[in-house]
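Okay, here's what each chain looks like letter by letter:
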Amino acid sequence: MKLSQILFHPFVRIAGGTSLALGLAAIVLAGLIGAPQGLHFDGVLDTHAGKSGPWWFFVSEGLIDWLSLAVLLLIAGRIISKTAFRSIDLLGTQAFARWPTVLTVLACLTPGFHRFSEALTKSIIGLKPGQIPQLPPAGPDAVVFGLVTLFMLACTVWMVALMWKAFSYCCNLRGGKAVGTFVITLLLAELLSKVLIGQLFKLL
Amino acid sequence: MKRFPVTCPSCEHRLQVKRLACDHCGTEVEGIYPLPVLAALSAEDQAFICDFVKASGSLKEMAALLKVSYPTVRNRLDEVIAKLQPTPPTP
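First to last, the protein sequences are chains A and B.
Position 69 of the first sequence, counted from 1, bears residue number 70 in the numbering used here, the numbering being contiguous throughout.
Position 77 of the second sequence, counted from 1, bears residue number 79 in the numbering used here, the numbering being contiguous throughout.
By construction, these hints were calculated from the structure, which means they are not laboratory data.
Heads up, a few of these hints could be off.
BS3-like cross-link-like pairs, simulated, lysine-lysine; straight-line CA separation at most 30 angstroms [as the list claims (entries may be wrong)]:
1) A/K166 <-> B/K69
2) A/K195 <-> A/K3
3) B/K85 <-> A/K166
4) B/K69 <-> B/K56
5) A/K83 <-> A/K203
6) A/K129 <-> B/K20
7) B/K4 <-> A/K83
8) B/K62 <-> B/K85
9) B/K62 <-> A/K178
10) A/K178 <-> B/K4
11) A/K178 <-> A/K166
12) A/K83 <-> B/K69
13) B/K20 <-> A/K3
14) B/K85 <-> A/K3
15) B/K62 <-> B/K4
16) A/K195 <-> A/K178
17) A/K83 <-> B/K56
18) B/K20 <-> B/K4
19) A/K166 <-> B/K62
20) A/K52 <-> A/K166
21) B/K20 <-> A/K83
Taking the hints into account, I'd like the entire structure generated from these sequences.
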């Protein structure tokens, strides 16, 4: 198996129950590592540094993100796919596609990232309209923050690429119609996950 | 090993059987017979179908045999099914 296949097309060999177990493990792990840092996956595509909280809240965010997209893609796949695909393959591979979030939470453990993030947030919060923010001084923390942010962005792009591959491969779909369906479903799932996680916040 | 030709090397149209012979008594029959559908598939596709039948049509068993995922086998089967669909006659 080539490296590019492992990174971007693991579903040639991994699907079904195996991908579901690995994907759920990755979602739980990302939530457990992210909880003490206050790193929220508060939307299918979102990663934000905020307040820390109970571990179950962070794990639930990951599970909501996964289910929002997986269930909507399952419905879309059943409508447009002509092949008899298994639900567990789509649900499992969509869970597995979220494994780059583990790398994101690990990258955020880099010393200086949260220090700079907090300083940046403080400089922006409480600004009056028209007021220029006093940004934290550029230094090693700023460099770390910049590099980690770029890495997080790359992980998000990689995750979306895996989500698309999982959808097109499990439902055996190609072409413009499949891409359009995926993009619209992804946007709907982002909206749905935001609403559901908003409801989850009320439990805190 | 000689490969059974299924397409014309000149125009790439599907070949037909013109002559059949009995290697026991030497009788020869001549005519134009279309190739059986499965014989027109590539050797890889035929091997896939043989494995599929041996696995009692279980895609799960095929996936375990070939050490690939279930969707990989499912998509491969879809490819073969598409090849077995009758092609519309060319004008």
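Okay, the hints, checked on the actual structure:
{"no.": "1", "hint": "A/K166 <-> B/K69", "result": "holds, 19 angstroms"}
{"no.": "2", "hint": "A/K195 <-> A/K3", "result": "violated, 36 angstroms"}
{"no.": "3", "hint": "B/K85 <-> A/K166", "result": "holds, 24 angstroms"}
{"no.": "4", "hint": "B/K69 <-> B/K56", "result": "holds, 16 angstroms"}
{"no.": "5", "hint": "A/K83 <-> A/K203", "result": "violated, 41 angstroms"}
{"no.": "6", "hint": "A/K129 <-> B/K20", "result": "violated, 89 angstroms"}
{"no.": "7", "hint": "B/K4 <-> A/K83", "result": "violated, 37 angstroms"}
{"no.": "8", "hint": "B/K62 <-> B/K85", "result": "holds, 22 angstroms"}
{"no.": "9", "hint": "B/K62 <-> A/K178", "result": "holds, 29 angstroms"}
{"no.": "10", "hint": "A/K178 <-> B/K4", "result": "violated, 43 angstroms"}
{"no.": "11", "hint": "A/K178 <-> A/K166", "result": "holds, 15 angstroms"}
{"no.": "12", "hint": "A/K83 <-> B/K69", "result": "holds, 25 angstroms"}
{"no.": "13", "hint": "B/K20 <-> A/K3", "result": "violated, 46 angstroms"}
{"no.": "14", "hint": "B/K85 <-> A/K3", "result": "holds, 29 angstroms"}
{"no.": "15", "hint": "B/K62 <-> B/K4", "result": "violated, 33 angstroms"}
{"no.": "16", "hint": "A/K195 <-> A/K178", "result": "holds, 26 angstroms"}
{"no.": "17", "hint": "A/K83 <-> B/K56", "result": "holds, 26 angstroms"}
{"no.": "18", "hint": "B/K20 <-> B/K4", "result": "holds, 19 angstroms"}
{"no.": "19", "hint": "A/K166 <-> B/K62", "result": "holds, 21 angstroms"}
{"no.": "20", "hint": "A/K52 <-> A/K166", "result": "violated, 33 angstroms"}
{"no.": "21", "hint": "B/K20 <-> A/K83", "result": "violated, 38 angstroms"}
In the structure shown, a violation is registered for the earlier hints numbered 2, 5, 6, 7, 10, 13, 15, 20, 21, in ascending order.
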